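Protein chains: 2
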Amino acid sequence: MKLHTYFRSSAAYRVRIALNLKGIDYEAVPVHLIRDGGQHHQPAYLNINPSGMVPTLQDERGTLTQTMAILEYLEETHPTVPLLPVDPLGRARVRELAQIVACDIHPLNNLRVMRYLVDELGISEEAKTTWLKHWIVEGFDSMESHLARHPGTGTFCHGDTPTMADCYLVPQAFNAIRFDIDLSPYANIARIYGNCVGLPAFVKAHPAQQPDAE
Amino acid sequence: MKLHTYFRSSAAYRVRIALNLKGIDYEAVPVHLIRDGGQHHQPAYLNINPSGMVPTLQDERGTLTQTMAILEYLEETHPTVPLLPVDPLGRARVRELAQIVACDIHPLNNLRVMRYLVDELGISEEAKTTWLKHWIVEGFDSMESHLARHPGTGTFCHGDTPTMADCYLVPQAFNAIRFDIDLSPYANIARIYGNCVGLPAFVKAHPAQQPDAE
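Taken in sequence, the protein lines are chains A and B. In terms of the numbering used here, the first sequence opens at residue 1 and continues consecutively. In terms of the numbering used here, the second sequence opens at residue 215 and continues consecutively.
Since the hints were derived computationally from the structure, they do not count as laboratory data. Here the structure is a predicted model, which is why all the values come from computation and not from measurement. Some clues are possibly wrong.
Below, computed lysine-lysine pairings styled on BS3-like, alpha-carbon distance capped at 27 Å [said to hold, decoys possible]: (1) 347/B with 128/A; (2) 347/B with 133/A; (3) 342/B with 133/A; (4) 236/B with 347/B; (5) 22/A with 133/A; (6) 236/B with 216/B; (7) 418/B with 216/B; (8) 22/A with 2/A; (9) 2/A with 204/A; (10) 236/B with 128/A.
Taking CB as the label site, the calculated pair distances span [as the list claims (entries may be wrong)]: (11) 348/B with 185/A: 40 to 50 Å; (12) 34/A with 374/B: 34 to 44 Å; (13) 273/B with 160/A: 40 to 50 Å.
Covered, in the sense of this in silico footprint (three residues per stretch, anywhere, with C-beta under 8 Å from a C-beta of chain B), are these stretches of chain A [claimed, not checked]: (14) 13 to 23; (15) 55 to 65; (16) 83 to 91; (17) 99 to 105; (18) 145 to 159; (19) 174 to 185.
Each residue gets a CB set at the ideal place from its N, CA and C atoms; glycine is no exception.
Using the sequences and the hints, build the whole thing.
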């Protein structure tokens, strides 16, 4: 199995965590998002993934893009270490938490969006940082409310084993810390992040541990 | 089953299509996103969904938010009319197409984001429209490439029966048309939209057909 990845990509980080949790060996193929005008915009990569985004996963069956589609696929094809609970409502809850990150935070803070804000709208560095933090804070407010009020919240987002939701929470919390966001108002997010980040599957997936880390 | 919905919400539109395709009866509970400073920001609604977004689905089991989580839940609890194929790679493809809309287009064109651009960054009406169109065009370029090159594309996004991907494509194409985006460069998107939009499940889900339509 091949994972086209960039060490700092939050989306690739999620998939690396899931692969490690499931104990799936893979070959990391680095795609540099800055170098060469962005290697994800080069024809060789667009031929693999016409969306021009990372990650892309390739196995003997085919080529997959979009992190949630990849994680659901891994769940269906490698079910031994499950990342979703068995009951439909629990599964919905895990997906819901993952999607707060996937749909409500991360798309607004992507490299391409930051570039548009600066290059097309001419916003200042300060306004850019305010934008970045605003959407993380909005999303974390929402995620923390969901976590705080639900009896299913445990050592991890849902219960006492890691799920897909933790694969999303950790890279997003890592980004938040990188942008100096104080996690102390987010008791559950901070606690779960702390419970995850030292586990071998999460350590091995960390941006600093990647072959293309700078 | 109750669906907290707003006629013009693209996310609620997706869930209405899925409910109709599966033949599930539901009660529409309108949540007005403009009136009363946004009914989704009122305590009564936040108590149901602390994220303060539509849609929210409630059934006898519990309360669900985030459209992909809701659609996967409906698929697991009401499998009779499937909206995902049976093979893992086909399922991944349907989810991938859905997520191009869910993650790469729609989050950037949400009401809350448009408001931030105008209120906080002070951008002009013209720059706002350019922003809106830019992300739809980027996302549709990517979606069209995926559709055009894959042998699985049929009458609908994947094969000859509607799937989750069509539940995402139709509301997004409807929005694109509303913002005067020419769909003719998107042969597959335009064709699939045309094949869907007249079907009873899609007609009944259309914003203009909702009890709260204006």
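**Item:** Numbers of the earlier hints that this structure fails to satisfy, in rising order
**Value:** 4, 5, 10, 11, 13, 14 and 19
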